[in-house]
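Enquirer: Based on the hints, put chains B and C in the right spot on chain A.
The listed protein sequences derive, respectively, from chains A, B and C.
Mapping of the first sequence onto the numbering used here: position 148 corresponds to residue 148, and the numbering continues sequentially without gaps.
Numbers in the numbering used here are just positions in the second sequence, counted from 1, shifted up by 1000.
Numbers in the numbering used here are just positions in the third sequence, counted from 1, shifted up by 2000.
Since the hints were derived computationally from the structure, they do not count as laboratory data.
Hints may contain errors.
As the list claims (entries may be wrong) - Straight-line Cα separation of at most 25 Å, SDA-like style, residue types lysine to any residue; simulated pairs:
(1) A/Lys70 - C/Lys2382
(2) A/Lys79 - C/Lys2382
(3) C/Lys2382 - A/Arg119
(4) A/Lys79 - C/Gly2391
(5) A/Lys79 - C/Asp2385
(6) C/Lys2382 - A/Ala80
(7) A/Lys79 - C/Gly2386
(8) A/Lys161 - C/Glu2183
(9) B/Lys1100 - C/Asn2425
(10) A/Lys126 - C/Arg2359
(11) B/Lys1010 - C/Tyr2132
(12) C/Lys2418 - B/His1081
(13) A/Lys454 - A/Val296
(14) C/Lys2418 - A/Asp124
(15) B/Lys1100 - C/Glu2427
(16) C/Lys2185 - B/Gly1051
(17) C/Lys2382 - A/Asp118
(18) A/Lys131 - C/His2341
Claimed, not checked - One-sided and incomplete, this derived list gives chain A residues near chain C with beta-carbon spacing under 10 Å:
(19) Phe33
(20) Leu49
(21) Asp58
(22) Cys61
(23) Met63
(24) Pro64
(25) Lys83
(26) Leu91
(27) Asp124
(28) Ile147
(29) Leu150
(30) Val167
(31) Arg169
(32) Arg170
(33) Val173
Unchecked claim - Simulated coverage check for chain B against chain C, where a stretch passes if three residues somewhere in it have a Cβ under 8 Å from a Cβ of chain C:
(34) 1052-1065
(35) 1081-1091
(36) 1120-1127
(37) 1134-1143
For each residue, glycine too, the CB sits at the ideal point set by N, CA and C.
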Amino acid sequence: MPEIFINGQPVQAREDQTVLQVALENGFFVPYFCWHPQLSIAGNCRMCLVDVEGRGIDIACNMPVSAGMKVLTESDDVKAHRKAILQFITLNHPVDCGICDKAGECTLQDYHYIYNGDRSLSVDEKVHSTKFYNLSNRILLDNERCILCLRCTRFTHEVSKSMALGVERRGDVSNIRPVEDRPLGEDPYSDNIIDICPVGALLSRQFLHKSRIWYLKPTPSVCPGCERGCTVQIWHRKPEWFVKSLDARQNTSIARITPLENPAVNGPWICNKGRDLARIFERARADEPMMKGRPVPLAEALDAARRLIGAARHPVALVSSWGSNEELEAFKRHLGEVFHAHVKRDWLPEEGERLEDDLLIRPDKNPNRARALELFGDDEPGYHDGTDLVLVWGEGCDFASIPAQAKVIFLNSYLAPENGHADVFLPISIQTERTGHYTNFQGVVSAFEPCFPKAAAVSDAEALFRSLAAPARGHP
Amino acid sequence: MRHLIPEFEKLRARFPAGFESSMVLPCVRRIQEDRGYVADEDISGLAAYLGVPQIQIEEVLSFYTMFRRRPIGRWHLQFCHNVSCSMNGAERILEHVQKKLGIRPGETTPDGRFTLSLVECLGSCGTAPMMMVNEGYHENLTSEAVDELLEGLK
Amino acid sequence: MPGRQIIMSFPVTATSHTLAEYRSRGGYGALEKALRSMKPAEVVKEVTASGLQGRGGAAFPVGRKWQVMVYDDGQPHYLIANADEGEPGTFKDRWILENNPHVLLESMLITSYALNVRNCFVYIRGEFDLPYRRLAGAVEEAYAAGFFGERILGTDFSCDIVVYRGAGAYVAGEASGLISSLEGKKSYPRNRPPRLTVRGLYQRPTVVNNVESLSNIAWIVAHGAAAYKEIGTPKSPGTRLYSVSGHVNRPGVYEAELGYPWMKFLEEDCGGIVGGRAIKCVVPGGVSSKVLTGAEIKDLALSHEALWDVGSTLGSGGMIVIAEGTCMVTLSQILMRFYHHESCGQCTPCRHGTGWLHRIMDRIVAGQGRPEDIERLYYIAKFNDGTTICGLGDAAGYAISGILDKFRDEFEYYIEHKRSRYDGNLECLRSS
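Here chain A stands alone, though its shape is the one from the complex (with noise of 0.2 Å):
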């Protein structure tokens, strides 16, 4: 375990570390854009230059350590030296701040500030390069702004392997660009690059220009997509930032969606169907409780409901594998002797979506089939002759293989003309309403916090359990 001197003060360091390992470990920090823990190094921004004594300057991202090495950080050789590569970066970048989305979370904005803060020395006009170019239908690429630390191009050559983009021409005319064949449309990890370049140079379509960063927070919450079950922040608008004038919908809607960096699941990225989940979360609610299609209020269909349930003789529930955990214990702590429980795959792989591959996508796309099983069996859902009562929790259940005879209780959370076909309707919350927790496929637990409010009518399923194991009205 080689000792090292870092600003005079010793630290351990690992034989197989990097200088700028050792550094940020123990608090120094020292300032890099294409250094990324899951890449390559690239060693070509130069900003991470360190005075090491004997030695002089050199980049700390590529240096070994060695017994007894002092390195300075904040040596004045090493200020200078920052300075002056931030000169160089931004020689040529567009002064964009004002309309670029990556304002508030730029790392060279951030360096300049604290590194640099002089205007250019350059008197001579900037190289221009392609702005608003289609990097795929996700993405935008701005060449101006791309400093070219080739984290996004290392990123698909290294973990999405989709070999989509590289570099055209030399030198300061060097853009990205991808393959010709644009396989980064086809890359479903493409959006991580969006995380990973440290300037606004490529930008997600669908968050661009809705919101200012600094209006928004992020909520931890589990990507439902599949039963890896990254964990993502969801952004949504800051109350203090709620916006009065204009379109209220503003206050309540997901605005982009980031990993949650997390070793023991998905490290530092999520797939693109996990930026995708307003698709899922944002389709049109059920925010009503029916009884054959006709409002009620909610102690009427809940008591209508718990008369069904006393009159079966053969009740069936389908359970959803997009129940929390604390819901699907509590559909087995209240509801579990009552019915004949099967766990249900609430959605399947949809057309052209990937089923499996060595990085994160997972065959089964449901959050928490695990715990399901293991609370309820992974007996396949069937009915028999008898089946008079057919509990329906959440999406994809077949409606039409449900015997003709049999009642239905459904709850749901979406708009679906099965809702009013069922005897009794009862809405219920999503995942962004309420705390929870799922299981993924490894056995490892998620939690998921709030980010709205749900509507006035709308259920928790964990309540509406505990709820329907109470006698009816007028029953014992």
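Expert: Chains B and C alone, transformed into the frame defined by chain A:
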């Protein structure tokens, strides 16, 4: 480029095992020699044949000055305008060529005969000024020598 | 030329490059000696003892580079001869390839034997035509004679060679850029560590040596390190090739013992300056070396130590002689344009710095220079020094700062008067 594959197979045998990626440069050069430039289908064909990512070939084509993806004139006049050549009258010869052919660097004569390019040092500084015409070096240029040379290039 | 010759030791004829004539000069005798009577480690020892310095530009001791390779580490080793020769003013490796290709091949065989190399390469710049054809012809001859292939000269040593043509990139002359190119990619240089002798071509131990450096190996093995050290100076043993161009009457490639007097070389061997003019300055070893004025070189010898002492370097031996009346500002513009064109674009200081240098020079030459431009040029040079992945950034800085150190007044004149003091003249014919 499929008709070149037998040639490429022979070349592959000269390299150690696992050097398929190295074949990109020689194969591209041969394809360009054959067609006059490298076409889009050559790129995907070569990527498939060598088993390298297509983006690698695209990068190589745009990085190196000798590769091109569009046809040019029959005779490519590559004129050095670096230090020693400039110190020995390259500028005057270049002006002469431009006037004679009526084109500027980067352009091709309307009859498709000549394309004029400016290039950096070709390693011929002792026999400056000079230019490359397609594959060959033409050194110790004078206006007269250039006239004679161009005359002979049909 | 007076003095001993190692590489240019014979009159060039239409056939002097052939195998037959090379053998009649004693060629492939050193290979025989090495394979039959020396162990690989002894060859390395001999080359190290000779003090041979690299001839590509850095003058790094060849033996020291070789010693990093562990002979029996179970990995394939590679040897690459760097024939990319893109440094402006340099054309001496070309001479070897055209006129004495077998000395390179024999030397590469001996080197491969010494370093346990089974596959070696010559990376030759893509534009070279005759040098390539001569070299390829020599390779064919050598294979036919059994000098390449399996069980060479009936020993256990086998070796194959591939001549690999570049495609137009000066940065491919940088050893790690060369390797990237030889892997079939764009010639992006690499950060060190790891050294190329530890992880080079396809991450295997690789030695990259300049063509001229390697071409000395055969002689050193044949005659011994002691004999080599008798030539040249103690700190710069041997001979070296100079490519001389610019304003001399007899430009061309010359071989001289190191330590040869500079002025004698220019005035006698190179025929003096065109028109009998005075020497304004000389670029000693390729445009990346710092320029020296006529006054500075007057009593200097052509050796590494003499040039290091005055803050310059013999570099690639590409000597460009510049006569009085030449506009150094216009010349600098060409140099900055060159580096800008050739920067690979990977790292920040060089990618933006070379473009910035070029734009400033364009502006000065167009009569729109500003007083602070000179400090800007120095600034860019300073922060490209030691901050880049490879030496291209540093070189651009040395080129401009070297010229500014000696001819600042010319730049100040141009900026102030918006025109060249010498009418932008680069030739040695017109009067100023």
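Enquirer: Determine for every hint whether it applies to the structure shown.
Expert: We went through each hint and held it up to the structure:
| no. | hint | in the structure |
| --- | --- | --- |
| 1 | A/Lys70 - C/Lys2382 | 24 Å, holds |
| 2 | A/Lys79 - C/Lys2382 | 14 Å, holds |
| 3 | C/Lys2382 - A/Arg119 | 19 Å, holds |
| 4 | A/Lys79 - C/Gly2391 | 22 Å, holds |
| 5 | A/Lys79 - C/Asp2385 | 16 Å, holds |
| 6 | C/Lys2382 - A/Ala80 | 11 Å, holds |
| 7 | A/Lys79 - C/Gly2386 | 15 Å, holds |
| 8 | A/Lys161 - C/Glu2183 | 19 Å, holds |
| 9 | B/Lys1100 - C/Asn2425 | 24 Å, holds |
| 10 | A/Lys126 - C/Arg2359 | 10 Å, holds |
| 11 | B/Lys1010 - C/Tyr2132 | 19 Å, holds |
| 12 | C/Lys2418 - B/His1081 | 24 Å, holds |
| 13 | A/Lys454 - A/Val296 | 19 Å, holds |
| 14 | C/Lys2418 - A/Asp124 | 17 Å, holds |
| 15 | B/Lys1100 - C/Glu2427 | 22 Å, holds |
| 16 | C/Lys2185 - B/Gly1051 | 14 Å, holds |
| 17 | C/Lys2382 - A/Asp118 | 18 Å, holds |
| 18 | A/Lys131 - C/His2341 | 23 Å, holds |
| 19 | Phe33 | 9 Å, holds |
| 20 | Leu49 | 7 Å, holds |
| 21 | Asp58 | 8 Å, holds |
| 22 | Cys61 | 9 Å, holds |
| 23 | Met63 | 8 Å, holds |
| 24 | Pro64 | 6 Å, holds |
| 25 | Lys83 | 9 Å, holds |
| 26 | Leu91 | 4 Å, holds |
| 27 | Asp124 | 4 Å, holds |
| 28 | Ile147 | 7 Å, holds |
| 29 | Leu150 | 8 Å, holds |
| 30 | Val167 | 7 Å, holds |
| 31 | Arg169 | 8 Å, holds |
| 32 | Arg170 | 5 Å, holds |
| 33 | Val173 | 8 Å, holds |
| 34 | 1052-1065 | holds (count 7) |
| 35 | 1081-1091 | holds (count 9) |
| 36 | 1120-1127 | holds (count 8) |
| 37 | 1134-1143 | holds (count 3) |
In the structure shown, no violation is registered for any of the earlier numbered hints.
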